[in-house]
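S.K.: Could you slot chain B onto chain A? The hints should help.
Sequence order for the protein chains is A and B.
Residue numbers 4 to 118, in the numbering used here, belong to the letters of the first sequence in order.
Residue numbers 820 to 934, in the numbering used here, belong to the letters of the second sequence in order.
Hints were generated in silico from the structure; no laboratory data involved.
Treat the hints loosely; a few may be bogus.
Listed next, with one range per pair, are the computed distances between beta-carbon atoms [what the hints assert, rightly or not]:
#  : chain 1 : residue 1 : chain 2 : residue 2 : range
1  : B       : P827      : A       : E20       : 17 to 27 Å
2  : A       : A10       : B       : D878      : 19 to 29 Å
3  : A       : P44       : B       : G882      : 21 to 31 Å
4  : A       : T34       : B       : F831      : 38 to 48 Å
5  : A       : A84       : B       : F831      : 26 to 36 Å
6  : B       : R930      : A       : V49       : 16 to 26 Å
7  : B       : R863      : A       : I14       : 19 to 29 Å
8  : A       : N70       : B       : Q836      : 42 to 52 Å
9  : A       : T34       : B       : I870      : 19 to 29 Å
10 : B       : E834      : A       : N61       : 44 to 54 Å
11 : A       : V88       : B       : E888      : 35 to 45 Å
From the derived model, a few chain B residues whose C-beta atoms are all more than 12 Å from chain A [unchecked claim]:
#  : residue
12 : E834
13 : E843
14 : Q856
15 : V871
16 : G882
17 : S886
18 : S892
19 : S899
20 : K902
21 : P904
Pulled from the structure, derived: some chain B residues nowhere near chain A, Cβ distances all over 12 Å [claimed, not checked]:
#  : residue
22 : R887
23 : T905
24 : H924
Being a predicted model, the structure only gives us computed values, none of them experimental.
Each residue gets a CB set at the ideal place from its N, CA and C atoms; glycine is no exception.
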Amino acid sequence: AQKVTQAQTEISVVEKEDVTLDCVYETRDTTYYLFWYKQPPSGELVFLIRRNSFDEQNEISGRYSWNFQKSTSSFNFTITASQVVDSAVYFCALATTSGTYKYIFGTGTRLKVLA
Amino acid sequence: DGGITQSPKYLFRKEGQNVTLSCEQNLNHDAMYWYRQDPGQGLRLIYYSQIVNDFQKGDIAEGYSVSREKKESFPLTVTSAQKNPTAFYLCASRGGQGRGNQPQHFGDGTRLSIL
Numbered sequence: 004a005q006k007v008t009q010a011q012t013e014i015s016v017v018e019k020e021d022v023t024l025d026c027v028y029e030t031r032d033t034t035y036y037l038f039w040y041k042q043p044p045s046g047e048l049v050f051l052i053r054r055n056s057f058d059e060q061n062e063i064s065g066r067y068s069w070n071f072q073k074s075t076s077s078f079n080f081t082i083t084a085s086q087v088v089d090s091a092v093y094f095c096a097l098a099t100t101s102g103t104y105k106y107i108f109g110t111g112t113r114l115k116v117l118a
Numbered sequence: 820d821g822g823i824t825q826s827p828k829y830l831f832r833k834e835g836q837n838v839t840l841s842c843e844q845n846l847n848h849d850a851m852y853w854y855r856q857d858p859g860q861g862l863r864l865i866y867y868s869q870i871v872n873d874f875q876k877g878d879i880a881e882g883y884s885v886s887r888e889k890k891e892s893f894p895l896t897v898t899s900a901q902k903n904p905t906a907f908y909l910c911a912s913r914g915g916q917g918r919g920n921q922p923q924h925f926g927d928g929t930r931l932s933i934l
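In isolation and in its complexed conformation, chain A is listed as follows (with noise of 0.2 Å):
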């Protein structure tokens, strides 16, 4: 079976805090992308990173970290300094290749960052 869990249904942080979203998921392809998208008030999706299976090497872009742990089926993000600006429904996806590269997404997690 293919899933992906974002446990996390909604955080609220205070502005500058940093904050870590979780994602879990499941697949017994060896070769498998994940993703993460943001999606803001306007409703679309806006695509933030992907890593593939092979890749465990930690990323950073600005504010922006994430870390993949095959260990634990483990693939976090973490928001340093949060922003107003961040508060959006972020969702992690899986894709594989017994899955034809469909998409499976978590339920996402509701971000606010107050002010």
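M.R.: Using the frame of chain A, we list chain B on its own:
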């Protein structure tokens, strides 16, 4: 600018009526997708197409139909058989000729409601 255009932004359906949601992309992507998003939930795949003149059912295809006569266009028809059509509909496309490592790009969505 390259991107995905969904229209209309808001749509209202009467009982027993079929309605068609438009999705056009100028990214020269082969694959296109339709998702449904309900409040507080993740995205569920309705239909997808990996090439012109070919499409497959997703997880919740009942009550929906699609066509893929042109590479740029992937319209979704919500038929009267779909008894609970009120939702936010997102169209996406993906390049990479079937390889799963390319991210999907999303349109701004269409919000469908029943009158």
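S.K.: Hint by hint, note whether the structure agrees.
M.R.: Each hint tested on the structure:
no.	hint	in the structure
1	P827/B / E20/A: 17 to 27 Å	violated, 39 Å
2	A10/A / D878/B: 19 to 29 Å	holds, 21 Å
3	P44/A / G882/B: 21 to 31 Å	holds, 28 Å
4	T34/A / F831/B: 38 to 48 Å	holds, 44 Å
5	A84/A / F831/B: 26 to 36 Å	violated, 42 Å
6	R930/B / V49/A: 16 to 26 Å	holds, 18 Å
7	R863/B / I14/A: 19 to 29 Å	holds, 23 Å
8	N70/A / Q836/B: 42 to 52 Å	holds, 48 Å
9	T34/A / I870/B: 19 to 29 Å	holds, 22 Å
10	E834/B / N61/A: 44 to 54 Å	holds, 52 Å
11	V88/A / E888/B: 35 to 45 Å	holds, 40 Å
12	E834	holds, 26 Å
13	E843	holds, 15 Å
14	Q856	violated, 9 Å
15	V871	holds, 17 Å
16	G882	holds, 20 Å
17	S886	holds, 19 Å
18	S892	holds, 19 Å
19	S899	holds, 26 Å
20	K902	holds, 23 Å
21	P904	holds, 17 Å
22	R887	holds, 16 Å
23	T905	holds, 15 Å
24	H924	violated, 7 Å
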